[in-house]
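One letter stands for each residue in the lines below.
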Amino acid sequence: MNTHMKAHLLSTTDLDREAALQILDTAEELARVSDMPIKKMPTLRGRTVVNLFFEDSTRTRISFEAAAKRLSADVINFSAKGSSVSKGESLKDTALTLAAMGADAVVIRHSMSGAPHRLAHADWMDAHVINAGDGTHEHPTQALLDAFTLRQHLGDHITASAEGSTGLDGLHVAIVGDVLHSRVARSNVHLLNTLGAKVTVVAPPTLMPLHTDNWPCEGSYSLDEVLPNVDAVMMLRVQHERMDGGFFPSAREYSQRYGLTVQRAATMPDHAIVMHPGPMNRGLEIESRVADSPRSVIVDQVRNGVSVRMAVLYLLLGGSESALGDGAA
Amino acid sequence: MSAIVLKNVRPLGGANVDVLIDNGVIAAIGEDLPVDQAHIVDGKGAVLLPGFVDLHTHLREPGREDAETVETGTAAAARGGFTAVFAMANSTPVADSAAVVEQVWRLGREIGLCDVHPVGAVSVGLRGEQLAELGTMADSAARVRVFSDDGHCVSDALLMRRALEYVKAFDGVIAQHAQEPALTAGADMNEGEVSSQLGLRGWPRVAEESIIARDIMLAEYVDSRLHLCHVSTAGSVELVRQAKARGVKVTAEVTPHHLSLTDELARTYDPAFKVNPPLRTSADVEAVRAGLADGTLDVVGTDHAPHADQDKDCEWGCASFGMLGLQTALSVVVDAMVSTGALDWAGVADRMSIRPAQIGQLTDQGRPIEVGEPANLVLVDPAATWVVDPEELGSKSHNSPFAGHTLPAQVVLTLLRGKMTYSLQEKVAR
Numbered sequence: 001m002n003t004h005m006k007a008h009l010l011s012t013t014d015l016d017r018e019a020a021l022q023i024l025d026t027a028e029e030l031a032r033v034s035d036m037p038i039k040k041m042p043t044l045r046g047r048t049v050v051n052l053f054f055e056d057s058t059r060t061r062i063s064f065e066a067a068a069k070r071l072s073a074d075v076i077n078f079s080a081k082g083s084s085v086s087k088g089e090s091l092k093d094t095a096l097t098l099a100a101m102g103a104d105a106v107v108i109r110h111s112m113s114g115a116p117h118r119l120a121h122a123d124w125m126d127a128h129v130i131n132a133g134d135g136t137h138e139h140p141t142q143a144l145l146d147a148f149t150l151r152q153h154l155g156d157h158i159t160a161s162a163e164g165s166t167g168l169d170g171l172h173v174a175i176v177g178d179v180l181h182s183r184v185a186r187s188n189v190h191l192l193n194t195l196g197a198k199v200t201v202v203a204p205p206t207l208m209p210l211h212t213d214n215w216p217c218e219g220s221y222s223l224d225e226v227l228p229n230v231d232a233v234m235m236l237r238v239q240h241e242r243m244d245g246g247f248f249p250s251a252r253e254y255s256q257r258y259g260l261t262v263q264r265a266a267t268m269p270d271h272a273i274v275m276h277p278g279p280m281n282r283g284l285e286i287e288s289r290v291a292d293s294p295r296s297v298i299v300d301q302v303r304n305g306v307s308v309r310m311a312v313l314y315l316l317l318g319g320s321e322s323a324l325g326d327g328a329a
Numbered sequence: 001m002s003a004i005v006l007k008n009v010r011p012l013g014g015a016n017v018d019v020l021i022d023n024g025v026i027a028a029i030g031e032d033l034p035v036d037q038a039h040i041v042d043g044k045g046a047v048l049l050p051g052f053v054d055l056h057t058h059l060r061e062p063g064r065e066d067a068e069t070v071e072t073g074t075a076a077a078a079r080g081g082f083t084a085v086f087a088m089a090n091s092t093p094v095a096d097s098a099a100v101v102e103q104v105w106r107l108g109r110e111i112g113l114c115d116v117h118p119v120g121a122v123s124v125g126l127r128g129e130q131l132a133e134l135g136t137m138a139d140s141a142a143r144v145r146v147f148s149d150d151g152h153c154v155s156d157a158l159l160m161r162r163a164l165e166y167v168k169a170f171d172g173v174i175a176q177h178a179q180e181p182a183l184t185a186g187a188d189m190n191e192g193e194v195s196s197q198l199g200l201r202g203w204p205r206v207a208e209e210s211i212i213a214r215d216i217m218l219a220e221y222v223d224s225r226l227h228l229c230h231v232s233t234a235g236s237v238e239l240v241r242q243a244k245a246r247g248v249k250v251t252a253e254v255t256p257h258h259l260s261l262t263d264e265l266a267r268t269y270d271p272a273f274k275v276n277p278p279l280r281t282s283a284d285v286e287a288v289r290a291g292l293a294d295g296t297l298d299v300v301g302t303d304h305a306p307h308a309d310q311d312k313d314c315e316w317g318c319a320s321f322g323m324l325g326l327q328t329a330l331s332v333v334v335d336a337m338v339s340t341g342a343l344d345w346a347g348v349a350d351r352m353s354i355r356p357a358q359i360g361q362l363t364d365q366g367r368p369i370e371v372g373e374p375a376n377l378v379l380v381d382p383a384a385t386w387v388v389d390p391e392e393l394g395s396k397s398h399n400s401p402f403a404g405h406t407l408p409a410q411v412v413l414t415l416l417r418g419k420m421t422y423s424l425q426e427k428v429a430r
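Chains as they are written, first to last, in my numbering: chain R, 1 to 329; chain P, 1 to 430.
Hints are computed from structural coordinates only; laboratory data are not their basis. Glycine included, each C-beta is placed from N, C-alpha and C at the ideal position. Among the hints, erroneous ones may be present.
[As the list claims (entries may be wrong)] Calculated lysine-lysine pairs in the DSS-like style (CA-CA distance at most 30 Å, straight line):
(1) 312/P with 419/P
(2) 6/R with 419/P
(3) 312/P with 44/P
(4) 168/P with 92/R
(5) 92/R with 419/P
(6) 198/R with 6/R
[Stated by the list, open to error] One-sided and incomplete, this derived list gives chain P residues near chain R with beta-carbon spacing under 10 Å:
(7) 196
(8) 238
(9) 264
(10) 266
(11) 345
(12) 358
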């Protein structure tokens with residue numbers, strides 16, 4: 001199988017429709033491994049995957065770790081806390097160190113937008129780079145797992161496409177909340193559009209990015225107007241520092257105008273699903289009962305994260321054989 | 001000092017002549033001047049201009065001698081055709097006292113590659129709270145006339161008013177770095193389409209324009225001289241144009257990089273393109289070019305800002321703001337303005353030598369190319385092209401945004417009071 005991916009996964013704009021579908025299809029194939037009694041395949045034996053986390057994100061890190069381990073890769077967790085990074089080592093020297101240790105892929109989470117791009121292109125090392133969230137830029141594997149989850153749950157509402165592999169054609173997805181600072185929103189806007197979905201971003205004007213004429217989505221300040229017409233709503237986490245930053249008057253007012261309450265959720269079509277990249281602020285952007293309702297696919301998103309990350313690692317690092325080995329597929 | 005004859009040179013791009021330089025001044029201009037006992041330079045039709053004057057240079061000494069020194073910075077200046085530079089005050093310690101400005105001024109004199117005129121800080125420690133001893137710096141051996149907190153905006157309106165008023169006593173000028181701090185906290189690049197996509201904190205144009213509008217009103221109100229550093233937006237150009245039309249004593253500068261580069265380059269996340277004010281859009285580039293062409297923007301100032309490798313070889317967010325500029329300035333101006341027909345050579349001389357010398361109150365720089373005038377001159381080969389290799393520049397640092405670019409026009413020779421401070425052919429930089 002030839003991979004349609006580029007050498008690195010830095011942004012969902014790196015993925016054309018063919019590459020995105022290949023990841024989703026491969027993830028579907030690999031998801032079956034999770035159902036087997038022994039959840040492990042030899043595919044990446046002898047390969048080294050480094051989880052380089054400059055920001056705390058236990059969820060994303062263990063998801064990547066599980067994915068790499070199920071493919072039999074050696075995993076090194078390199079977290080900024082308790083390493084030389086906190087003593088002021090530069091990203092460059094960290095990269096040189098990882099290269100010397102023979103890293104084949106580096107999964108990086110960083111508070112600064114573009115840090116993965118620098119790691120991939122600054123001539124510091126040769127390993128494949130996977131962006132696990134950079135600043136307020138992108139979080140491509142989150143968008144991929146969201147797309148996977150949308151496809152899984154809304155198959156009946158997707159328009160069939162000619163190429164045999166199903167995209168997200170015909171779906172309408174609303175992304176709601178702090179779009180300005182959200183890497184999840186940026187990655188999803190591009191990926192969902194690439195896969196044929198219509199996207200509407202919903203935010204108060206102070207949290208809506210300016211100059212988005214070239215974004216393949218629509219924008220609205222009113223959640224109430226958008227909800228009756230969506231197949232899925234993706235609620236974004238409100239970071240605590242935004243509440244103090246004057247972007248909106250109070251948590252209470254935010255919740256009243258942009259929170260997904262039980263009452264609001266009832267205005268959505270019956271089949272529409274509720275998503276959240278986690279971790280949730282229950283009672284702020286999403287009412288607790290909505291998060292736990294049958295519409296909610298939030299736990300499925302987490303589960304799918306492992307399959308999607310396995311697919312990305314496999315397609316970047318794997319050989320030409322089938323993901324499940326001879327005959328298994 | 002032996003005499004020099006420049007043969008076959010074209011003053012301001014005019015007709016071919018020979019120019020005899022003796023005793024630091026232009027001794028004769030004519031055809032087929034006698035060359036006995038003179039050092040002969042065959043200009044082969046190169047353009048002769050008054051030596052360039054940069055109102056905006058960071059020499060980093062004292063304090064960051066790992067990034068640049070007065071010696072390496074003035075070597076870069078000489079190689080870029082400059083015969084005078086104004087060294088900004090944001091050194092460590094800050095140039096907010098007679099002691100520091102005199103130190104910088106003396107270093108420049110001793111090295112002798114280019115005149116160094118220190119800019120004095122407007123406020124103590126660049127903190128924007130209390131006026132520095134502007135008068136003492138003006139009266140010092142360095143004779144400071146240009147004052148700036150560059151790197152920081154004098155954002156307090158009252159302090160700005162007082163500074164504008166105070167320097168009238170010695171005909172000084174306040175050079176403002178226009179940046180409303182509250183609107184630019186944590187800002188990394190131009191706020192626009194690209195920043196939205198890249199997830200980098202935006203530096204909105206209105207943060208520059210609101211300060212420029214305010215300072216124009218203040219300068220008009222107290223009838224004082226205001227100079228605006230590194231104007232970067234179309235709106236700023238328009239504000240200056242309107243102010244000049246009603247007679248406000250305002251002058252403005254544009255950098256070579258704002259004449260030529262846009263925020264699209266941030267897509268590389270390469271900190272070589274991180275600068276303050278940030279690179280703007282192509283519409284802004286068009287506007288600053290038009291402003292420089294019609295004289296709304298008076299001068300090209302390089303904002304030469306050397307940084308040590310480790311301060312650029314890192315994440316965008318960690319990197320320092322700034323770019324090298326002295327050695328590429330002429331070529332970039334030729335590329336942006338002369339090749340496009342927006343300026344002729346006399347125009348280049350005006351914006352890069354004559355007007356900056358006037359704003360900085362230099363009497364021996366930016367002079368006409370006439371007999372009896374000081375021989376502060378630069379010879380430019382307009383037909384040559386060169387490739388920018390940061391390792392080959394005179395600066396101690398390597399952070400050129402033009403690395404790898406092929407640029408038009410090359411400095412062939414720089415003369416400071418008749419002394420060769422740079423010769424391409426002879427590879428001397430002193």
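| message | Run through the hints listed earlier and report the numbers of any the structure violates, in increasing order. | response | Of the numbered hints given earlier, those the structure breaks are 1, 2, 3, 4, 5, 8, 9, 11 and 12, listed in rising order.
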